[in-house]
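Number of protein chains: 2
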Amino acid sequence: MASTPLPLTRLIEHFASLPGIGKKSAQRLAFYLLSLPGEQVESFAEAMLTAKRTIHHCKICQNLTDQEICDICASPQRDGGTICVVESPKDVLAFERLNEYKGKYHVLHGLISPLDGIGPEQIKVKELLLRLQQTEVQEIIMATNPTIEGEATAMYLSKILKPLGIKVTRLAFGIPIGAELEYTDNVTLNKALENRIDM
Amino acid sequence: MASTPLPLTRLIEHFASLPGIGKKSAQRLAFYLLSLPGEQVESFAEAMLTAKRTIHHCKICQNLTDQEICDICASPQRDGGTICVVESPKDVLAFERLNEYKGKYHVLHGLISPLDGIGPEQIKVKELLLRLQQTEVQEIIMATNPTIEGEATAMYLSKILKPLGIKVTRLAFGIPIGAELEYTDNVTLNKALENRIDM
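Top to bottom, those sequences are chains V and Y.
Numbering follows my numbering, in which position 67 of the first sequence is assigned residue number 598; successive positions increment by one, without gaps.
Numbering follows my numbering, in which position 37 of the second sequence is assigned residue number 568; successive positions increment by one, without gaps.
Careful, some of the hints might be misleading.
Treat identical chains as interchangeable: a pair holds within one or across any two.
Within a straight-line C-alpha distance of at most 35 angstroms, the following computed DSBU-like cross-link-like pairs (lysine-lysine) qualify [as the list claims (entries may be wrong)]:
hint : residue 1 : residue 2
1    : Lys693    : Lys655
2    : Lys693    : Lys554
3    : Lys555    : Lys655
4    : Lys555    : Lys621
5    : Lys621    : Lys554
6    : Lys690    : Lys554
7    : Lys555    : Lys698
8    : Lys633    : Lys555
9    : Lys590    : Lys554
Just so you know, these hints were derived from the structure itself, not from any lab.
When you get a sec, could you build the whole thing from the sequences and use the hints?
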């Protein structure tokens, strides 16, 4: 369009390449950015570059960190005998919000998905096994999502971990608290029935 | 949260400061950005800085441009005798998408809104009047939104422009094409009735 100068078009395209941001939102964000004071735009650009430059995977748990070993792995208050295995750093944040879990984590950075050509070698399984050789672990909690890929990954890991004499558990799946049975989908209801517990 | 390194927190905060982006989306965007190759992040940051540095208001119409005079004002194919007055550069884009309008624009960068302390001095009214002294204009189309501020601004400008012997018109407001009368709100229906035309 003749009415959009090139540097603005470029900025809009960059915003539009982000997930969940369409052409219209990208335009709105670019216009907003131009309306900010120069220092704020510089600080935003700087934050991007600094984050990309300094943040990498923790040597132990593969979570994101700007140090060699992340705060959780380095903390003497956390129980190294329990490892919660999750798909992504976002899942670690979800657990940390609870302020309940006192063990450590292992971030797989993906799930096994043969259809997408992702096998155990493409995710951080090797790093988990190496870790188990170096430290004594009593329990591994499989906290992958209840999707086909999440279940497959949990099953795969459980099969190779159990022979090592480690207790492997899986998060409980069932009816969410506050929901109504009437509106619960069949798969969830079936799971809740199957996994019923003594009371 | 102990589990989020500072450079990541900063990046998330910057994303969350954008309009329409909440804490969760900001997190998602920051994680996505970290997953991109380094060059792409650099190119994004560079696009921000370049856009902010090179883009300013066109000397004539106040639209955004990276030159002294924007493409539309500089074009000999556009009719300088008609000026379409809009609130923001986004409105220019909307008209340009039509590929119908052959006149020029004037971007006010805001609307008169006494409650927010915005008077005619805070928007680009002075620049419009100056422009009318320098070029001959036959018609000015008021294309501000049909809101209280948009109407007030159109009324204000029309009052000072008419005495200069310039034809001032307003966009037609009524029932949108394809809509159903049954579901049209009262104000719009009333406007459509009021502004009915001979056929």
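Structure-inconsistent hints, enumerated in ascending order: Failing hints, ascending: 2 and 6.
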